[in-house]
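Taken in sequence, the protein lines are chains A and B.
Position 676, counted from 1, in the first sequence is what full-length UniProt numbering calls 676; the numbers after and before it change by one each time, with no gaps.
Position 107, counted from 1, in the second sequence is what full-length UniProt numbering calls 107; the numbers after and before it change by one each time, with no gaps.
Incorrect hints may appear among the rest.
As the list claims (entries may be wrong) - Cut-off 16 Å, straight-line C-alpha distance, at most; resulting in silico cross-link-like pairs (EDC-like, lysine to aspartate or glutamate): (1) K35/A <-> D654/A; (2) K162/B <-> E196/B; (3) K162/B <-> D91/B; (4) K416/B <-> E310/A; (5) K35/A <-> E55/A; (6) K416/B <-> E308/A.
What the hints assert, rightly or not - Using C-beta positions, here's what the derived DEER-type ranges look like: (7) G210/B <-> S196/A: 53 to 63 Å; (8) E308/A <-> G90/B: 32 to 42 Å; (9) T533/B <-> T364/A: 31 to 41 Å.
Note that these hints are calculated values from the structure, not bench results.
Where a beta carbon is used, it is the ideal one built from N, C-alpha and C, also for glycine.
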Amino acid sequence: MTRTPSGLVVGVDVGGTFTDLVQLDQASGRVRIAKVPSTPANQAFGVIDALNAAEVDLPALDLIVHGTTTTTNAVLERKLDRTGLITTRGFRDVLELGRRTRPQPYGMTGTFTPVIPRDLRLEVPERMDAAGAIVIPLDEDAVLAAGRRLLEAGCVSVVVHFLHAYANPQHERRAGALLRTVWPNDHITLGHALLSESREFERGVTAAVNASVQPLLARYVRRLSGELSRGGYRGQMLVMTGNGGMVSADRVADEAAKTVMSGPASGVMAAAHIGRRTGVPDLISYDMGGTSTDVALIRGAQPQVSNEIELEYAMPIHVPMVDVRSVGAGGGSIARVTEAGLLQVGPDSAGAVPGPICYGRGGTEPTISDANLMLGRLDAGRFAGGDGAAVAPAFARLGAALGLDAAGAAEAVLRMANTTMAGAIRMVSLSLGADPRDFALFAFGGAGPLHACELARELGIPRVLIPGRPGITNAIGCVVADLRHDFVNTVNTPVAALAPGRLAQVFATQAERGHRLIDAETVGIRARRVLHSVDMQFVGQTHLLRVDLDRPDIAPEALQELFEQVYWRRFRVRLPEIRASVVNANTSVIGTRAEPDLSALIDPAGRRADVASARTATRPVRFGTDWCDAAVYWRDHLPLRAAIPGPAVVEQMDTTVLIPPGDRATGDADGNLLIAIGGAP
Amino acid sequence: MSLDPITLSVIQAGLQQVCDEMDLSFSRAAFSPVIAEANDRSDGIYDAVDGALIAQGAGGLPVFVGTMQQSTRTLIRMIADGAAAAPQPGDVYIVNDPYLGGTHLMDVRFARPFYRGDRLYCWLSNTGHWPDTGGAVPGGFSASATSVEQEGLRLPPVRLFKQGRMDRELYAVICSNIRVADQRIGDVQAQAAALEVGAERLGALMDRYGDDTVTGAIAELRTRAAQQMRACIALIPEGRFAATAWIDSDGVVDEPLAIRLAVTRDGDALTFDFTGSAAPCAGPMNSVRATTLSSVYLAMRHIFPQVPISAGAFEPLHVTGIENTFLDARYPRPVSGCAAEVSQRIAEAVFAALVQALPDRVTAAPAGTSGNFALGGHDPARGRDFVMYQLSGGGYGGNADHDGLTNGCSTIGISKAPPVEIMEQAFPVLYHRYALREGSGGAGRHRGGFGLDYEVELRRGHARASFVMDHGRFGPQGVLGGSDGAPNRVTVLRGGVAHVPAHLSKEQDIPLAPGDRVHVQTPGGGGYGDPLTRNPAAVARDVALERYTADDAAALFGVVLRGVPPEADAEATAALRARLRTRD
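Just chain B, with the same shape it has in the complex (with noise of 0.2 Å):
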């Protein structure tokens, strides 16, 4: 049937409505804080036949952006297969294998089929954060795993509402094998609470305009969305545009891997090509398919987020060569570091491809790494242990119109940082600095944002810290003539003497004693641009600002200072500028 556009518009904004409302009723009735105050969660609706999404919440983290278009298509195909139990109405599987379409193990995924009288009509499906899936360390994120038992408890798709009913004993197996498990049932009721929202609602939808005309709307918008995403694609000029982005170590084995990228434009369609990139590694720095897809699909949607989310805008891009490479690992690859490390290398690895072919809409690379940095130990004064994370932001690549914004957050997350009264409140901590970390972003026209430098103690007892960060050893990449960001620095002062994790930015269970330090200093955003062709006088308010030094200005953008507050000498410059190009 052919349907108005108008309609089409109506419906489309109704089903994003039916995933909002989702998404909103997870997190405000969540007790995971991971869930409730960083949105690491997301919700949508899947096709009855192939799991392609149909739908997804606008406020659903960004890393999740299909992913589970890939784990309900796996789950259709184990349910044909027989190697998953059929459905029923009221039904609710509960599943976490990364190998069968998902992210680490923290990131557990809900499926609900949705039913029109007696027929399946499509799923309904939200995965959230867990903060405890068990495994080696608390949290999840092992630096160095060697394999995914080490990573916690793995769930294939097995059903823990039966017709709407809990199965109390496949929940007391799971609570026997998670860290914190009586809260759990807060969040699991909270997550199976959200899809019979969505039930209620899509209900409601169909209801209002019908069902033929709902089915002939979702199919309509595919093609839309497929059709809206080949007319970005066409502003792309034909051609192939290559760059390579490095993951500093696996955490195991110390050695850089390469995710090397060809994006080429053939017509409408867009190839992303990752052959050459390298091989599944010995540590967690594995992604899986699913991951490594909608790391491409963020990425795509940062450049032209007025595309919605949905099966049909990812049909135009085509993603080739991951095959027996990291970006595709196989069981049992460790995988902890897929969604907050490696897809953000993948997304950095996608701009720095189409920034060449889009440099007003690109920006250069952002610090792409989540700076998870975790000390668990015993705090004597309340008798209890603890597990305290800090994750943290970077600095965001320079754009054509701006510098990078200073401190923001992970390219695939949305959260907020906790405040540094939050956490000495909750654990024997006190911080001596969290501060803009000076000269880090990186030179450019548009120079990179700043990243973040603190500093922490613990205050008594004993503790371990582990982090699992990246970028340490390769700066955040600046384009088109910028410099790179200055690169992620861990190190940790024991009784005084200074320790760098020999992967840099990875090391597991570090023993700390009352009075040792932990000094974090995140990654600047890339520079864009020639930093020669920066104005001036923003070099000087930059240094007027003590975010660089004179020295800086003069080495690194070529501007010679002078005065209180300093301003640029325009002769002095424009000579010091000519000799710096004659140089290169």
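Chain A on its own, in the form it takes in the complex (with noise of 0.2 Å):
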């Protein structure tokens, strides 16, 4: 059955506080968003809210990508269906012991609980050596014991976890076809599947993570597409993965470990694709909430991504993801003063509950919300719930023990809490290899917009972007993602040694595998792109540098002359004496889809004539020592193409934007705010 397209396509993305959605209608460019709270216990009630709230027809709808944390907060609470691993004999404890590590590098305190308990974990005799030959041959009644041991225990799900099964699948593959004839469901992962290369640990616990979640978000899917279909919805539902593409929904649980970074990941997709169109393709990624901040780094139009990323303490899911790292601090983090007398902003935060002061749910501890309160720079009639006048007494209490005023205090937190923030941010950068004065900020998250400038002015950082929507940007990112795999293979010979053609043989064979997973979807795509890197180091390394290849058949020589160079401009230093080695192949395939329209974000019909007649106030904002006179905007009627100098603060429904003095802001024809800082062209 066949149906005329109609062109509206849903994002929707299920955030920890929120749902958000948008509609684009590609043709007419119409957009319907949508902000409602987000159902825990089952996220697609609140989808369905936010469809109802958007009055989406369901019917007359082609496609609905979703991001969803089903995964992810099922993972950080252990709230998972009850999984048992079958593993090499002498060895299920790999998943408990971990590297040897502790949680901080100061205090000898710490807890760790494993995703499969260890009377779910059972060994069996077999053995592979490291070069994949059989020590010990499986014992095939030993599997099926033990798969009928997890079955009387209550397990809906089984992972095989095998040494060196990367090497030599051979026995994870038999063990799996015997677990097959007794087990009851599709929920069997083996551990070379997802990823396939050595460190039992890595490997171990992203396999043990698939498969404990896999059940969960296979049951999810189904009672949202039940859900979907009974709204009369007719199209595809495709769900974002953690590498910032998307799968169908109806296989996305076979690999659903991919989903678990998902949440951060479409928000950084959002950013490249606007970076992209508005024609500022180097960005740092800069979102931030109530309760944490990401960053991440976007060069080209292109997220980082790395298969090196690590959920929580202990807790690593090695399969290629968008480089998004946290780094703490929220618009909740708690201001104290130390015992030295000195001010420190977080790591405490009050969180969603209390949150903060000016929420007016109990917080009692000053935040950094509060202080952008304090000093004009959030409305103090936004809170409809809260009490702006409660937020003085407990700056004139902080400021107290500094010898400063109330408003002394609420800038002295801002300045910590940027100088904080841009002090993570660098580190960020610079352990990916670049230096942030190359990049512009893009902004978003519900407090992104707030210190973007600030930041940017403490990092060198020459231009700020504020999207049309900062604070519904995941969902966005959904919209605009493409279908993506990515294969990664490992090589491991010196660049002298690597015969002439092998890197372009990996290359095909990767590219083909990705190729064919595309044409196996069935949603439009406009073009394909195929990305290749290698991963590189001098031998004797340990540490990867990534090198991106403009083609697949570069001679051995160029390469070792590219990874010289990348070196040189990393870390400024030449090891002529010392031959590199290539580890790791890469390949990613793109299926780019219908560019969508993204111009009427901010609803058309709302745009005044000019500038002076989208001011809705004036008030005083204090930056650094002085208060000055502010004009306040509302965002929805700004003409396109609006210049605002600054101090000049932007509101709209999602967010605030401050453009603090001597920063300039213009708007563009989608439109994106871009901020000059300082005198910046």
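Got two chains here, separate frames each, mind docking them using the hints?
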């Protein structure tokens, strides 16, 4: 059954607090948005609420792209379906022993709960060596017995994880085949299938997480699809994965671990897309919410992808994912004075409950958000349930310990918060080999646009980019995301010993696999892109450096030279006496979808003729030690290409943009604001 | 000049950032996996006059807290005395002499003068653990050395870089005295480049805030750090808290070495008096003064992690009574065990003393050994020699809130253990087991974490096994009524016959043939509080998870279990606990 496409596409992202939705009408360019509370127990209700709130016509819809934190939350809270592990004799504790670390450098305390408890981790006789040769043959009866024991123990999912299965998966495959004869469902994960590289802890945890969230994700997708089809939906549903791509809902549970870090990835995809459209392809994305701030690096409109992400202490998920780093502070970070009489902001947070004082939910300690309110950066009138007046005494108390008045204390809190955040962003940027000054800052999330300009100034970043709807950027990421498949193959060969054509051959195989997967999807694509890179090091080193290649058939000599250039740029060290080595060959195959029109993210009907008529008020805002009168604008009323000199405040439903004195914002054709910092062009 | 507290905070964050960037640059560019992966390095900024620590990178190895303050201080004095060459801009000194403010020989320190105009403003210094600095055994951890000359090449402070250019002649001398010298140039460049990054960033910080402001801030921050440490000390009741911790033996003479510590709080100062500790020893389990001080500092930082690492924070901490003990060894005493083992036992003594005063903050003793097992030999399949290291963790001590962590890293480290798969790729070995060591956590209201149990076989060729570990004779201490964790156990199976090293967890050059195995069981953490007060449900859970047996549950915790999965029988447990209490 085919029907005429309507051009209606919905992106819906479930976050910790809110579920955000955006609907694009590709034909008319019209946009609808909705923001409703998330429903953590079953996220599907929030999704349906959002669809209702936006009055989405389900039968007319072509496509829903869904970002979900179902699997993330399940792992973090260890609310997992009962899952068993079958592993090599002598190694059932690998998941619990980890890599011998502790959660923080100082403090000899800490706790850790493995994904699968010890009584559900069973051993069977079998052993491969590092070359993939069989040392002990697989005891097939033991596999069957272990499977039955796990079923009796109530397991609904099982993972088979054998030592050196990346080198020879024969035993894992055979064990999988045996288990399928006794296991009542499809929830059988083989360790090598998801991640075929050495390091038993990382591969094992990745597989165990996959197995543990698979039943849950399958159930969730089934339930949501059911709800949608009851509402008359006949289109396709795609689910966002952590690499910033998406997968059909009916196949997403197979590799459920790939959704575990998908939440932050969609925001970064939106940033990359908007940056490319607006001609600012090199970005640091900066997503500041109530409890945390996420930072990622985007080069040439491509987010950096890593396959070494840790979800939390000792919880590595080693599949390719957008490299998003959490840098701690959020609007709810609490300010205190230490025993040394110095001001400290964070790491403690007021969280969502009780939240900052200004939320009026019982918070008593001053936070970053409260400081913004105190200094006029946030409008007191917007905290309907809260109390702007309650903030001043808290800062007066804080200031007393610092010899400052209340406003001075609030200013100090923001200065400290920005210094700390700028330092953290700089460290992320440097660890990825980038000088922040070469990037623009893409600010989103509820609090990002309030701090962006001051952070940019601190970091020497010349430009800030604020999208039309900073508060629903993740949902936008869903509608702009592409189909994407990433491949990593271990090569581990010195450049000098690399056979001519070897890399080109690996790349060709990877690309072919990617094309086949994209062929299998029914969603329409506009074009395909294939990206190649290699991870390299000097022989004897352990860290890897990624080298992007503009073609797959590069000569070994050129590769050595390219690596030396990249190394020099990163470390300012030249080592002509040491040979380089290629560790991994990587290929990404990307199916680019039709370019969505984002120019109506802010409804064009609301635009006023000139900037002056978008002005709603003037209010005193404090910058440094001075109060100045800042013009206040309503973002939806701004004309296209509006020019706004600081000091100014631009308010909108989902955020507040602060433009300090000396900075200058200019709108573009899509309604983004580009802010030049200081005298920057 | 007087500075507002906000400018102070901002400059403090700025100085910290300079050090963190040095740490990052060093690790990312280094070759040695000990530096690149295990972060066995540290970077900091030091006062030009007295070498006092101004700021140190947050990601540095804990054992280096404060050590470079001692080495920089010594360097400044030697320059003043004419014993070391006078500095010029762009110079970088190299030094690894343990007696001049160091640790063991493998920790190689670089120091670079930082100038403002033509005035020496401060020193930038870093330490990196080199994989080898020569000596009797590859890697430098000899279990039976009797003088420092057997442990490796010892360098006084000499300029490896002169006005920005490396002295190739000096470097050639170093390379001729160490193993795998061809890759060291990568570490040398990385270590020097990190100081270059530091100089650049510190210069930018001073340009931005002005030299006077930064200078004023540094002085004020020192005072404030001392104030913060004093506020922490104020949490300790006035009094004297004594403890003893034991090193099994020095590796040469099989006798235990005592660390006797009395901590006295007097006003807002804390005195750590080590009078009565063992005399300098024949084998390599000596500590040098700098390492002993830094071990006390790092233990305090484990207890009060919020105090910044700075000379000011150390000011209220007084260490006395180490003269003529093995905690202040002089040339030519061997010292290779100081950073890896003795430092951890000093920290254990500090924990054991202060847990009496701060029971809510301090834990029972952690495993406290680096678990150094080295296997050197020849692999005929690859036609080459190899040296393999297995460092391992153990259980942490229980604490007021939780059980101890299982298989945590050493007290003085923050590094990750290598995966078994990587070890088997690189070396001719096969692991038969890499498991949680059941029953090893010391019993307590909150029990200790569990140690590690591994067994590894040599598959081909021949090799020699060496062990430099500790806590083989005495388990990590339990506190406040908790039991000790299980001691370290090393067994070598040669031709099927079990051999236990004479010094339990220390022995050098045990020959192995194919099929021979090494079995190591690392210590569990000490228990915290009376085990008879442990929640019976937690005991039942540990038995269900096969961490303890049902017999252990009864004997150690007084808990009687019934059924499958096991559940505590409340009545029988109460009766048994009553009986066990009266027996004491």
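Going through the hints against the structure:
no.: 1; hint: K35/A <-> D654/A; verdict: 9 Å, holds
no.: 2; hint: K162/B <-> E196/B; verdict: 14 Å, holds
no.: 3; hint: K162/B <-> D91/B; verdict: 4 Å, holds
no.: 4; hint: K416/B <-> E310/A; verdict: 14 Å, holds
no.: 5; hint: K35/A <-> E55/A; verdict: 12 Å, holds
no.: 6; hint: K416/B <-> E308/A; verdict: 14 Å, holds
no.: 7; hint: G210/B <-> S196/A: 53 to 63 Å; verdict: 56 Å, holds
no.: 8; hint: E308/A <-> G90/B: 32 to 42 Å; verdict: 37 Å, holds
no.: 9; hint: T533/B <-> T364/A: 31 to 41 Å; verdict: 35 Å, holds
This entry satisfies every hint, going by the numbered hints stated previously.
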